[in-house]
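A.B. asks: Listed below are the residues making up each chain.
2 protein chains.
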Amino acid sequence: MNHDPDLWRELGQQLRVDSIRCSSAAGSGHPTSSMSAADLMAVLVTKYLHYDFDRPENPNNDHLIFSKGHASPLLYSIYKAAGAVTDEELMTFRREGSRLQGHPTPLLPWVDVATGSLGQGLPIGVGVALAGKRLDRLPYRVWALTGDSEMAEGSMWEAFEHAAKAELDNLTAIIDVNRLGQTGETMHGWDIDYYAGRLRSCGWNAIEIDGHDVEEIDRALSQAIATTGRPTAVVARTVKGKGVESVANKNGMHGKPLPNPEEAIAELGGIRNIHVEVPKPEGTGEPHRFEVGELRLPTYERGSLEATRKAYGDALAALGSARGQVVALDGEVSNSTYAEIFAKAHPDRYFEMYIAEQQLAAAAVGLQVRGWYPFASTFAAFWSRAYDFVRMAAISRADMTLVGSHAGVSIGEDGPSQMALEDIASLRAVHGSTVLYPSDPNQTAQLIAQLPDRKGIVFVRTTREKTPVIYEPGDEFPIGGSRVVRQTDSDQVTLVGAGITLHEAMKAADTLAAEGIRARVIDLYSVKPIDEEGLRAAGRATGHILTVEDHWPEGGIGEAVLSVFADTDDPPRIAKLAVRELPGSATPEQQLAAAGIDAEHIADAARRLAGELIGVGGGQEGRK
Amino acid sequence: MNHDPDLWRELGQQLRVDSIRCSSAAGSGHPTSSMSAADLMAVLVTKYLHYDFDRPENPNNDHLIFSKGHASPLLYSIYKAAGAVTDEELMTFRREGSRLQGHPTPLLPWVDVATGSLGQGLPIGVGVALAGKRLDRLPYRVWALTGDSEMAEGSMWEAFEHAAKAELDNLTAIIDVNRLGQTGETMHGWDIDYYAGRLRSCGWNAIEIDGHDVEEIDRALSQAIATTGRPTAVVARTVKGKGVESVANKNGMHGKPLPNPEEAIAELGGIRNIHVEVPKPEGTGEPHRFEVGELRLPTYERGSLEATRKAYGDALAALGSARGQVVALDGEVSNSTYAEIFAKAHPDRYFEMYIAEQQLAAAAVGLQVRGWYPFASTFAAFWSRAYDFVRMAAISRADMTLVGSHAGVSIGEDGPSQMALEDIASLRAVHGSTVLYPSDPNQTAQLIAQLPDRKGIVFVRTTREKTPVIYEPGDEFPIGGSRVVRQTDSDQVTLVGAGITLHEAMKAADTLAAEGIRARVIDLYSVKPIDEEGLRAAGRATGHILTVEDHWPEGGIGEAVLSVFADTDDPPRIAKLAVRELPGSATPEQQLAAAGIDAEHIADAARRLAGELIGVGGGQEGRK
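Protein sequence lines, in the order shown, are assigned to chains A and B.
Residue numbering for the first sequence follows the numbering used here, starting at 17 and increasing by one per position.
Residue numbering for the second sequence follows the numbering used here, starting at 17 and increasing by one per position.
Hints listed in this document are in silico derivations from the structure and should not be mistaken for laboratory results.
Among the clues, some could well be false.
Copies of the same chain are indistinguishable here, so a pair counts whether it falls within one copy or spans any two.
Stated by the list, open to error - Using 25 Å as the maximum straight-line C-alpha spacing, the simulated DSS-like pairs for lysine-lysine come out as follows:
#: 1; residue 1: Lys181; residue 2: Lys266
#: 2; residue 1: Lys266; residue 2: Lys360
#: 3; residue 1: Lys266; residue 2: Lys471
#: 4; residue 1: Lys63; residue 2: Lys296
#: 5; residue 1: Lys63; residue 2: Lys181
#: 6; residue 1: Lys482; residue 2: Lys272
#: 7; residue 1: Lys471; residue 2: Lys296
#: 8; residue 1: Lys149; residue 2: Lys360
#: 9; residue 1: Lys296; residue 2: Lys266
#: 10; residue 1: Lys272; residue 2: Lys523
#: 11; residue 1: Lys471; residue 2: Lys181
Make a model of the complete structure from these sequences and hints.
C.D. replies: The structure is reproduced here in structure tokens:
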């Protein structure tokens with residue numbers, strides 16, 4: 017922890033030079049956005065950041081998150097100065113196959129999360145800081161470098177509010193107020209008083225400085241680590257492109273390599289090769305672990321009624337008693353999602369995120385950075401509020417589960433604003449995601465128990481209404497499987513449902529059976545990955561598949577099933593029932609009927625399909 | 017404008033009683049959340065709101081937006097008091113077929129937008145207020161009733177920041193701080209100083225009052241209309257369930273009818289039938305109209321290179337010169353989306369929304385409330401940030417266009433954080449949406465020109481890279497159509513692409529032609545609605561379709577095409593190429609190759625499909 021202003025200044029210049037060099041070599045990138053924050057980072061990494069680059073898995077490491085991910089040249093230049101990457105690797109910036117991508121991703125072992133969508137790094141940092149305080153119970157610190165443009169994102173203010181409420185004095189935001197955005201001046205230019213005022217009104221300690229005065233930076237960071245009971249923001253007035261006159265504080269230079277890099281490098285004093293000894297963590301503590309016992313999942317009696325959302329809460333509480341790394345978060349609707357059952361059982365591991373779904377998702381990402389397994393819940397419709405965070409979480413290779421209750425028109429009277437009808441489509445279209453839609457409480461419990469071992473983003477869609485228990489406790493439901501719940505050896509049509517529509521399909525099958533039409537019924541509880549083999553077998557056997565979903569027709573169960581049969585020989589005829597008109601208020605039964613996805617409409621559609629079968633002819637197995 | 021405290025108090029009680037009555041009749045709803053704001057609204061609607069219930073289309077009407085949409089019983093009780101709905105209709109609350117849904121929607125002529133997803137009404141109100149100031153240039157006012165729970169949504173703070181920046185003194189936020197959320201106390205309980213402090217730090221005039229003291233309410237609203245140069249927030253300390261002791265300020269009473277409605281009504285002094293004369297608008301002005309001339313769309317020479325994003329900017333500027341109601345907004349990336357061309361041509365009709373995509377979407381919704389036609393643009397990936405706003409905009413029956421540039425892996429070096437790969441899936445799954453993905457600059461211009469007459473939410477996906485101009489200026493491209501760009505009378509396979517992949521498909525067709533394999537190529541520029549007839553004709557003619565998209569495999573072009581052939585006789589064999597692995601940084605060409613969607617991979621897949629054709633046999637037209 018040396019006080020070495022000359023080193024800081026020299027290192028700042030080196031970071032600028034290297035940012036210019038690598039972006040010029042790449043022919044793209046954001047050198048000017050890197051140059052504004054170079055002095056801030058020079059002081060931070062030589063004196064305040066505690067990080068063992070040889071052991072990124074050290075639980076006592078601090079966390080440095082570039083919320084302004086486009087300043088990646090600066091981050092990578094720091095890695096070079098720290099000896100973590102070579103100058104040669106630095107020059108691979110933005111090339112195919114390089115770990116040094118245009119925006120940081122956890123392909124680099126020292127990067128916690130992907131950034132590049134502005135306004136996400138700080139909210140995720142709140143999650144990491146919460147893990148430090150409440151779960152790991154270790155004194156590591158979280159440092160988030162943010163831009164001033166991203167201060168316009170509401171998600172930042174969710175983060176500022178939550179961090180103050182949680183008294184996260186282990187979190188420091190370093191705000192690089194370089195005045196210029198991509199197209200021109202930000203809303204507040206160099207008015208750092210404005211930012212500091214808003215931060216103070218949220219309960220933060222805000223320190224206003226000249227972001228190029230290394231002594232001021234040093235004092236501010238020193239004050240940040242000395243401040244207890246509240247987080248600190250260093251609000252730094254900086255110059256975009258600082259140090260190179262032709263670009264400094266000039267509009268029109270965002271996201272472009274410097275026009276004359278050689279001259280610029282000369283102006284900055286030439287190439288340096290300072291090696292920085294980043295301070296190692298002082299702590300040697302081990303993360304706190306919660307005591308656990310055996311897994312005793314809840315059980316539900318076959319034939320009784322229970323909602324899958326309630327089974328989620330029961331199962332999660334049970335899972336928490338068996339798996340210490342399981343934690344839960346909710347967006348102030350825990351008495352609807354039933355996360356409250358976990359909250360009561362495991363208050364130390366429950367995080368109330370209030371009506372702030374972006375921070376809800378971001379905190380979950382932050383908690384999993386430290387190895388905790390988060391289950392985050394709200395109404396399924398409101399996950400749409402955090403869709404960008406979920407998209408980015410996939411790029412962060414995050415492992416976590418999002419639970420959405422109150423899916424579909426079957427919620428009834430509350431009306432369309434509360435109905436998720438696009439959630440399956442949007443969550444299927446997240447890279448590497450798993451989409452589950454359980455139909456039964458015992459099944460819900462079995463699925464939930466598998467999730468802490470699952471890679472990637474998992475979305476679980478639960479149902480508001482109580483539905484019949486159709487499976488035995490202990491029945492197994494592998495992710496990627498499906499379950500045939502009605503079958504004869506001469507089925508004429510397959511009905512595919514999940515969640516609420518499975519029960520309607522089962523009722524329809526009963527009606528059809530009474531008419532002599534034999535319908536197979538498949539519970540497609542795993543929408544992604546989907547049981548290709550099971551569906552193909554049903555397609556071969558019956559020649560006709562009818563999908564039924566409480567969701568818009570686009571991107572949901574119907575299209576997932578259609579994709580199974582893309583590019584295959586002799587696909588079955590596939591028809592889909594889905595919600596096509598905008599619903600209003602009505603009872604759940606009325607809603608299902610109005611949407612054309614209740615038992616009666618399913619039976620009608622199945623009769624028509626069975627008629628097609630007879631009319632069309634063609635030797636499908638199903639006719640035998 | 018009478019000062020009549022007794023009337024206000026009595027009306028407040030009536031609004032409470034009616035909120036209890038209608039929610040009790042419905043068996044669900046939010047009476048306690050209505051009761052807290054009843055006095056605030058009683059004073060507002062008798063003295064300050066200027067609204068002609070007989071002429072909701074009167075351009076001089078004020079706008080009352082219930083950002084806390086769950087207080088719908090209060091809103092509908094106001095409508096009853098104003099004589100707009102009968103007591104009989106009030107009692108249909110939440111029943112099937114009633115206009116009085118669980119949360120307000122514009123099925124009611126006095127409701128501008130659907131609310132019920134918290135944190136949206138105020139940001140939309142900012143849009144309406146912007147229209148009043150900058151477009152209509154009329155003195156109407158916007159009143160937004162917000163809850164305290166929704167103050168945790170970041171979108172609220174985007175709105176507060178923007179309203180102050182735009183000096184919207186025609187906007188008043190009435191913040192109903194009733195302390196209790198759905199599950200317990202909010203983050204700040206009754207700390208109205210906290211809220212007022214944060215609002216003042218944003219530049220708002222904040223007035224703290226007792227929300228049940230009608231004289232204080234009157235003074236605050238009077239001060240709000242007298243304040244110029246900045247918006248005013250009335251921060252009102254209120255009691256949830258006010259007036260009924262058994263529920264007042266009690267947790268656990270959110271979203272539930274009162275347990276003993278008869279007793280509660282008696283405690284409130286019984287049923288009243290006060291009729292309120294809501295003041296009529298004083299102004300009689302007509303909305304400002306912008307001068308326009310003839311439409312002169314830009315033209316591009318066949319064979320030259322241009323990006324569709326650039327054509328978007330050119331076409332939008334031209335459209336603005338011909339259609340006065342066209343306005344544009346952008347999220348601080350207008351030099352990437354090329355909205356800057358419109359901004360330079362029509363600065364009066366351009367709105368810079370900075371890096372705040374939720375406010376960007378919300379402002380567009382607000383502008384279209386007043387009949388303006390908004391084109392809102394940002395990177396396609398960042399529309400995911402506003403997905404809940406787009407979902408709700410569809411419920412609001414909003415007419416507007418969202419433009420997303422930089423779609424897909426073909427953006428190149430910036431990496432996955434900037435690549436939209438889920439936008440087609442998520443935007444297709446918006447009720448009533450249109451999804452366009454132009455492949456050519458002349459086509460882009462033709463499509464853009466049609467949009468101000470289009471109902472619903474339109475999403476236009478544009479491409480970063482320059483692509484060849486393949487169409488003549490003036491060629492027509494109806495929405496819902498497609499275009500065959502390569503065809504012989506004996507095609508063996510159909511290649512379906514759009515945007516960047518169309519050009520790869522055309523190159524592949526050339527390669528295949530040299531090998532004697534005849535490929536039809538279809539430009540699927542209209543992904544939703546989709547050209548069912550054209551695709552079916554191609555399917556019949558060639559028996560094999562290969563879709564190629566710069567998007568994840570879920571919910572995109574491939575699944576849209578599969579859906580066309582669902583439940584049809586003799587569907588073609590359909591194979592799809594899409595992005596399946598998480599990309600990194602690389603050149604556009606490398607990205608397309610790595611994702612398996614470039615010309616070479618298309619040709620390979622087409623060869624295999626053509627082989628299947630020969631191998632499988634079966635008399636498809638394509639073999640002749």
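A.B. asks: Confirm or reject each hint.
C.D. replies: To see whether the hints hold, each was checked on the structure:
{"no.": "1", "hint": "Lys181 to Lys266", "in the structure": "between (38 Å within a copy, 23 Å between copies)"}
{"no.": "2", "hint": "Lys266 to Lys360", "in the structure": "between (55 Å within a copy, 20 Å between copies)"}
{"no.": "3", "hint": "Lys266 to Lys471", "in the structure": "neither (45 Å within a copy, 42 Å between copies)"}
{"no.": "4", "hint": "Lys63 to Lys296", "in the structure": "within (10 Å within a copy, 66 Å between copies)"}
{"no.": "5", "hint": "Lys63 to Lys181", "in the structure": "neither (28 Å within a copy, 39 Å between copies)"}
{"no.": "6", "hint": "Lys482 to Lys272", "in the structure": "between (57 Å within a copy, 18 Å between copies)"}
{"no.": "7", "hint": "Lys471 to Lys296", "in the structure": "neither (31 Å within a copy, 60 Å between copies)"}
{"no.": "8", "hint": "Lys149 to Lys360", "in the structure": "within (20 Å within a copy, 50 Å between copies)"}
{"no.": "9", "hint": "Lys296 to Lys266", "in the structure": "neither (38 Å within a copy, 51 Å between copies)"}
{"no.": "10", "hint": "Lys272 to Lys523", "in the structure": "neither (62 Å within a copy, 31 Å between copies)"}
{"no.": "11", "hint": "Lys471 to Lys181", "in the structure": "neither (31 Å within a copy, 44 Å between copies)"}
Figure legend: structure checked against the earlier numbered hints; hints not met, in rising order: 3, 5, 7, 9, 10 and 11.
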